[in-house]
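*Asks:* Line by line, the protein sequences are chains E and S. When the letters of the first sequence are read in order and numbered with our numbering, they come out as residues 506 to 997. When the letters of the second sequence are read in order and numbered with our numbering, they come out as residues 506 to 997.
Calculated directly from the structure, the hints in this document are not laboratory data. Mixed in with the good hints there might be a few duds.
Note that identical chains are pooled: a pair holds if it fits in a single copy or bridges any two copies.
As the list claims (entries may be wrong) - The calculated lysine to any residue pairs, modelled on SDA-like cross-linking and capped at a C-alpha distance of 20 Å, are:
id: 1; residue 1: Lys527; residue 2: Leu669
id: 2; residue 1: Lys562; residue 2: Leu806
id: 3; residue 1: Lys559; residue 2: Gly838
id: 4; residue 1: Lys611; residue 2: Glu622
id: 5; residue 1: Lys592; residue 2: His610
id: 6; residue 1: Lys562; residue 2: Glu551
id: 7; residue 1: Lys619; residue 2: Arg601
id: 8; residue 1: Lys959; residue 2: Glu935
id: 9; residue 1: Lys603; residue 2: Leu620
id: 10; residue 1: Lys842; residue 2: Asn895
id: 11; residue 1: Lys695; residue 2: Thr564
id: 12; residue 1: Lys527; residue 2: Leu648
id: 13; residue 1: Lys756; residue 2: His610
id: 14; residue 1: Lys592; residue 2: Glu622
id: 15; residue 1: Lys619; residue 2: His599
id: 16; residue 1: Lys815; residue 2: Asn848
id: 17; residue 1: Lys562; residue 2: Asn552
id: 18; residue 1: Lys828; residue 2: Asp563
id: 19; residue 1: Lys611; residue 2: Asp759
id: 20; residue 1: Lys887; residue 2: Asp793
id: 21; residue 1: Lys585; residue 2: His610
id: 22; residue 1: Lys714; residue 2: Leu971
id: 23; residue 1: Lys619; residue 2: Thr598
id: 24; residue 1: Lys957; residue 2: Trp930
id: 25; residue 1: Lys585; residue 2: Asp605
id: 26; residue 1: Lys585; residue 2: Ser604
id: 27; residue 1: Lys686; residue 2: Ala724
id: 28; residue 1: Lys957; residue 2: Glu931
id: 29; residue 1: Lys765; residue 2: Arg850
id: 30; residue 1: Lys639; residue 2: Pro544
Number of protein chains: 2
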Amino acid sequence: MSKEITSRAQDYSQWYNDLVIKGGLADYSGVKGCMVIKPYGFGLWENMRDVLDKMFKDTGHQNAYFPLFVPKSLFEAEEKNAEGFAKECAVVTHYRLKSDPADKHKLIVDPEAKLEEELIVRPTSEAIIWSTYKTWIQSYRDLPLLINQWANVVRWEMRTRLFLRTTEFLWQEGHTAHATKQEAVEEAEKMLEVYADFAENYMALPVIKGIKTPNERFAGAEDTYCIEALMQDGKALQAGTSHFLGQNFAKAFDVKFSDKENKLDYVWATSWGVSTRLIGALVMAHSDDEGLVIPPRIAPLQAVIVPIYKGDEQRAILGMKAKEIIQQLKDLGIRAKYDDNDNNRPGWKFAQYEMQGVPVRITLGARDLENNNVEVARRDTKEKYTVSVNGIAFYVKELLEEIQLHMFNRAKTFRDEHITPADTWEQFEELLEGKAGFIAAHWDGTGETEDKIKELTKATIRCIPLNNKQENGKCILTGKPSTQRVLFARAY
Amino acid sequence: MSKEITSRAQDYSQWYNDLVIKGGLADYSGVKGCMVIKPYGFGLWENMRDVLDKMFKDTGHQNAYFPLFVPKSLFEAEEKNAEGFAKECAVVTHYRLKSDPADKHKLIVDPEAKLEEELIVRPTSEAIIWSTYKTWIQSYRDLPLLINQWANVVRWEMRTRLFLRTTEFLWQEGHTAHATKQEAVEEAEKMLEVYADFAENYMALPVIKGIKTPNERFAGAEDTYCIEALMQDGKALQAGTSHFLGQNFAKAFDVKFSDKENKLDYVWATSWGVSTRLIGALVMAHSDDEGLVIPPRIAPLQAVIVPIYKGDEQRAILGMKAKEIIQQLKDLGIRAKYDDNDNNRPGWKFAQYEMQGVPVRITLGARDLENNNVEVARRDTKEKYTVSVNGIAFYVKELLEEIQLHMFNRAKTFRDEHITPADTWEQFEELLEGKAGFIAAHWDGTGETEDKIKELTKATIRCIPLNNKQENGKCILTGKPSTQRVLFARAY
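In isolation and in its complexed conformation, chain E is listed as follows (with noise of 0.2 Å):
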């Protein structure tokens, strides 16, 4: 099978695609622009989504469920997010399908059932769910309101990458209330930090927290925080945003409350969201040429056992040790497996889960067995060891945080090595070309400038790093002063 992945070296783009379909996580489908995410996919999907979703509650969040379209009246509300998201929404006009008389087999669009107001599909649902906030909130005792909904969206992508980019994807979006400014800072502050913790201990991924320049701003936010990854080939990763809305939706659909004095205001807001884009940062951060390899907090596989035997009576033999080694595993809360189908050879069994990123292979064979060993190698690192039967589960277990650990620690090196500074404008196109990585540079920040350097490298401002040093020096572009450097790179 790892024959069949193009290396990183050769194409890189290719690599990518490559591991994403043969790895199992997911497929092109018959609409163009959406993909299938496969079981493999989608169980990676859950294990994120329910160390999330737990974070959420634990932050005193609840979940909800709001209409997947937004009326055209409403979607136009408020205005810079419906200029954001007009060019590239999917739209209901009709609500019927009817034979076609030319061919009765062939159903056509009835133009008899067209809507009398436009339905579109959510690119996101401030919108739909700021108009329905105005009917749930009238006094400070309703506030905060804090809900989380996971949904599917729709962007219309004209260029499209599996996980990275599709027309649909899966999301969480985050949509608070507050009274008070601070308080909706804080919030937006706060689910920044729940994101990077997950992105750093659940998915091995070291984050840069930054805030966004008003170019790159969430369409309809005041402020856009950011995680920004960095990928094997030195390109960014936006891996979740959150925003704080300011009175920009409470001022469009009208929500205003009371507070303690019976004095009415209009509510803070703020919204966040990471998506199935998180799996492609996944795959990009860790991978190699043999495959996928997946954290394993994470992974929906963490060890599985392959046998070796000759002939049914080893076979037995070795089943019966699994079932018990399975078992102590499975006691452990360790995502264990037993392969012995007999449709396929174990060096075939090997690359297959080498190419799935199973964090933890053990090999029990017939011969180490007699001396109570069994085989287990690392994904990550591809180390082997002989390890005794006695006290496996435990060992696995140890591993597991091991190579978890240690996943992280050599993105962290890596990403560590690809932040540069630059300090002249030849220095900085150098840098881009050599794949560097993030570019920390003084921008003499106006968006005229950002705009500019976008255009001659395709770089972009990736954020402004939280606590940020501050030092005087001049703008990599035009040389006008800048009291701080900034972190470009291309991206994703």
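Position chain S relative to chain E; hints supplied.
*Replies:* Frame of chain E, contents of chain S only:
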């Protein structure tokens, strides 16, 4: 609060709406026919979903995710299925909005962004899934393919009711592929059993397992199995369906597999689903004029502690005791909450939790506590008990199980009392007018008779029960010979 609920006797339909809205399950939305599932209602759905999801996984199924949109050419491939859903589907025709030249604050559909091929918002996913299975299935080794999807679907309904019939709803849809007809039939039957198990043992909802007449089959199915429940107003509600699809979709999408002898054949299929509609069934089967009554096993909140105190000192003492009890309850896996919100009086809270159907309420009073007692009230029978604080958590745990059982038995007694044989047309009509529930009557087996009875009485054949008793008789309408009684009812 409870005073505001319309009684069942007064207006059953309004009673239902009051419960759903004032109980905090759902709300109307700004989109015609679509609802908002509020946090309490969504918490209920999450519990239902988690139980079902585990049941599906325990029976070997995996989750995946397929696109929301179905291109028209795929949609129309299985003709019966297409014909069945064409009349009620939302159609995406454009992928962009633009500024209205007449008013720059408004948006209009951009006529230049018309799709070459219209996209149908999935009303069900057989078409999109089977167009994908074509690429996944080549050999018997790829079978069975046992996949489930949790998703939103859209069916354009003219008359909608919260949960019972909404334009968009949430559901799960299983789609499986098999090498033999027998295996597919067994799968359809197995999933019907899973649904019945879930309905009876978690929702406390007794159901009749049966098979639909050809008239009432799912569009594209060879056989539709169903579970039918009875509401308190004597109307039936289809609570879940499982379809044996034969080779219809395999033929429509050309999905063949080679068997062990290398012979090519079309694959056999099933699909099966339950939806948020189940929440409507839950409400109507169990609730009373004071509000919702939710079965403990799926209740978002199983026990609530309400303190009765005067002054801060008493409040502090009760608070400490409550904290202990809450911890004991949580240690036994009971979803519990302490409500010492000072804005509301105990009486208001009692009515509120009664309205929301919380199974057990514990009242913590200063005087009772002196005697080391609390008052425990159960929602289903409204009985109250004085109970010692020692071992209170174990007491509540047992009580929750008793409530679960009692709710099932009560609903089953009601259901069993509402299955009545009718031997003449007069009897049949009289029973229907008397809201008698299911009517067991002979039927001549033709679709015409079934249509005629529906036209005359609005009653439909809910199902032919599995393992139905065979007996000779005469059709209730035509007098033609019949070998078994079938179950008629008016239905939601």
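*Asks:* Next, verify each hint and record whether it holds.
*Replies:* Hints, verified against the model:
1. Lys527 / Leu669: Within. Shortest intra-copy distance 17 Å satisfies the 20 Å Cα cut-off; inter-copy 42 Å does not.
2. Lys562 / Leu806: between (25 Å within a copy, 14 Å between copies)
3. Lys559 / Gly838: Answer is both: 17 Å inside a copy and 16 Å across each meet the 20 Å cutoff.
4. Lys611 / Glu622: Cα proximity of Lys611 and Glu622: across copies only (13 Å, versus 27 Å in one copy).
5. Lys592 / His610: between (34 Å within a copy, 15 Å between copies)
6. Lys562 / Glu551: both (16 Å within a copy, 13 Å between copies)
7. Lys619 / Arg601: So Lys619 and Arg601 pass the 20 Å test inside a copy (8 Å) and across (17 Å) alike.
8. Lys959 / Glu935: Within one copy, since 15 Å is at most 20 Å while 78 Å is not.
9. Lys603 / Leu620: Both: 15 Å inside a copy, 18 Å across copies.
10. Lys842 / Asn895: Close inside one copy (19 Å), not across copies (44 Å); limit 20 Å.
11. Lys695 / Thr564: within (9 Å within a copy, 40 Å between copies)
12. Lys527 / Leu648: between (48 Å within a copy, 19 Å between copies)
13. Lys756 / His610: between (50 Å within a copy, 15 Å between copies)
14. Lys592 / Glu622: Answer is both; intra-copy 18 Å and inter-copy 19 Å each pass.
15. Lys619 / His599: both (4 Å within a copy, 13 Å between copies)
16. Lys815 / Asn848: within (14 Å within a copy, 74 Å between copies)
17. Lys562 / Asn552: Answer is both: 15 Å inside a copy and 14 Å across each meet the 20 Å cutoff.
18. Lys828 / Asp563: Between copies, since 18 Å is at most 20 Å while 36 Å is not.
19. Lys611 / Asp759: between (46 Å within a copy, 18 Å between copies)
20. Lys887 / Asp793: within (11 Å within a copy, 63 Å between copies)
21. Lys585 / His610: Between copies only: 10 Å across, 44 Å inside.
22. Lys714 / Leu971: Cα proximity of Lys714 and Leu971: one copy only (6 Å, versus 60 Å across).
23. Lys619 / Thr598: Both, since 6 Å and 11 Å are each at most 20 Å.
24. Lys957 / Trp930: within (13 Å within a copy, 83 Å between copies)
25. Lys585 / Asp605: between (41 Å within a copy, 15 Å between copies)
26. Lys585 / Ser604: between (41 Å within a copy, 12 Å between copies)
27. Lys686 / Ala724: Within one copy, since 19 Å is at most 20 Å while 53 Å is not.
28. Lys957 / Glu931: within (15 Å within a copy, 84 Å between copies)
29. Lys765 / Arg850: between (72 Å within a copy, 19 Å between copies)
30. Lys639 / Pro544: Close across copies (16 Å), not inside one copy (39 Å); limit 20 Å.
In summary, the structure agrees with every hint in the numbered list given earlier.
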